[in-house]
Amino acid sequence: MDEKTTVALISGGAAVAAAIVTGWVSKFSAREKTRQLERQHERDLHAKHLDNARRHLDDLYIPLGQAIAKFGDRFRKYQAEVDTGAGTADENQLASLQRAISDFEELLAALRAQGADVFMIPELEELLYPFASFLRESLDATTTVVRAVVRVDFGMFGISQRMERSFEVSRSMAGTVKGHVRVPGVPFGFAYEAQDILAAPVSSKDFVDHVSKSLPKLRAAIKIVSLGPRG
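Using the working numbering, read the sequence shown as starting at 666 and increasing by one per residue.
Rather than coming from a laboratory, the hints here were simulated on the basis of the structure.
A quick note: this is a predicted structure, and the numbers were derived from the prediction, not measured.
Mixed in with the good hints, there may be bad ones.
16 Å max Cα-Cα, derived EDC-like pairs, lysine to aspartate or glutamate [claimed, not checked]:
no., residue 1, residue 2
1, Lys882, Asp861
2, Lys735, Glu791
3, Lys742, Asp874
4, Lys878, Glu791
Now the in silico label distances, taken between C-beta atoms and shown as ranges [what the hints assert, rightly or not]:
no., residue 1, residue 2, range
5, Val783, Asp755, 35 to 45 Å
6, Ala745, Gln779, 31 to 41 Å
7, Lys870, Pro787, 25 to 35 Å
8, Glu790, Val814, 19 to 29 Å
9, Ser798, Ala885, 13 to 23 Å
10, Glu770, Thr808, 21 to 31 Å
Using N, Cα and C, we set each Cβ at its ideal position, and we do this for glycine too.
Use the sequences and the hints to build the structure in full.
Below you can see the structure in the form of structure tokens.
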């Protein structure tokens with residue numbers, strides 16, 4: 666191979682490599698630009714949600730905050746009296762909790778009837794309605810129920826797929842069947858996990874713990890509207 670041919674091959678190879686790198690950089694830049702636009706759109710949408718929400722402090726967020734505070738006070742009294750270790754509560758304790766839950770649900774129903782919940786920010790909505798459902802379902806619960814999720818991941822020839830199904834399962838079963846399985850050389854994996862708690866007997870530790878963790882989150886979501894997000 667003469668010198669001219671060698672130079673031509675080297676030059677051609679360099680040109681091809683440069684074209685590949687340039688194409689890769691352009692593709693990466695385009696993706697990054699798209700991500701930036703998506704993040705900016707999310708920030709703008711979030712700011713718009715907050716702006717709309719702040720116009721409804723008096724007819725939505727203040728009444729809701731007061732209802733959560735009232736329920737929290739009554740729950741703490743119940744928490745101090747109920748014997749979660751034995752899983753028992755007397756009739757007076759249960760009646761007091763039932764009234765607290767009923768009053769809370771009546772307030773939510775009134776807000777929905779007025780259409781005020783349309784102006785609820787997504788962060789609050791995602792917490793509030795599952796929490797209300799948990800309280801309602803827990804009144805008749807005899808065992809702790811969680812939402813379990815099964816995922817199957819499949820990948821072959823650079824193509825990946827994920828299938829996901831959720832179902833209800835008791836806490837005892839959820840605790841014994843969970844984890845992730847992937848066999849080397851096999852193009853699919855299996856994962857199982859227990860996620861949201863859906864109900865728990867009101868005299869159980871699961872109930873008390875879940876309510877205790879949920880109330881501060883609800884109050885924080887309301888403060889995002891009244892005081893603005895942190896940072």
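Distance restraint between lysine 882 and aspartate 861, which requires alpha-carbon spacing of 16 Å or less = 15 Å, holds
When you check the alpha-carbon spacing of lysine 735 and glutamate 791, does it fall within 16 Å?
-> 21 Å, violated
Could you say whether the range 21 to 31 Å given as a hint is met by the Cβ separation of glutamate 770 and threonine 808?
-> 23 Å, holds
Is the distance from the Cβ of lysine 870 to the Cβ of proline 787 consistent with 25 to 35 Å?
-> For proline 787 against lysine 870, whose Cβ atoms are near 30 Å apart, the range 25 to 35 Å holds.
Go ahead and decide if the range 35 to 45 Å is satisfied by the Cβ distance of valine 783 to aspartate 755.
-> 41 Å, holds
Quick one: are glutamate 790 and valine 814 within 19 to 29 Å, going by C-beta?
-> 21 Å, holds
Are lysine 878 and glutamate 791 close enough, with their CA atoms no more than 16 Å apart?
-> 15 Å, holds
When you take the CB atoms of alanine 745 and glutamine 779, is the distance between them in 31 to 41 Å?
-> 34 Å, holds
Whether the CB-CB distance between serine 798 and alanine 885 falls inside 13 to 23 Å | 20 Å, holds
Holds or violated: lysine 742 with aspartate 874, Cα cutoff 16 Å?
-> This hinted pair holds, its Cα atoms lying about 14 Å apart.
Taken one by one, the earlier hints fail for this structure only at number 2.
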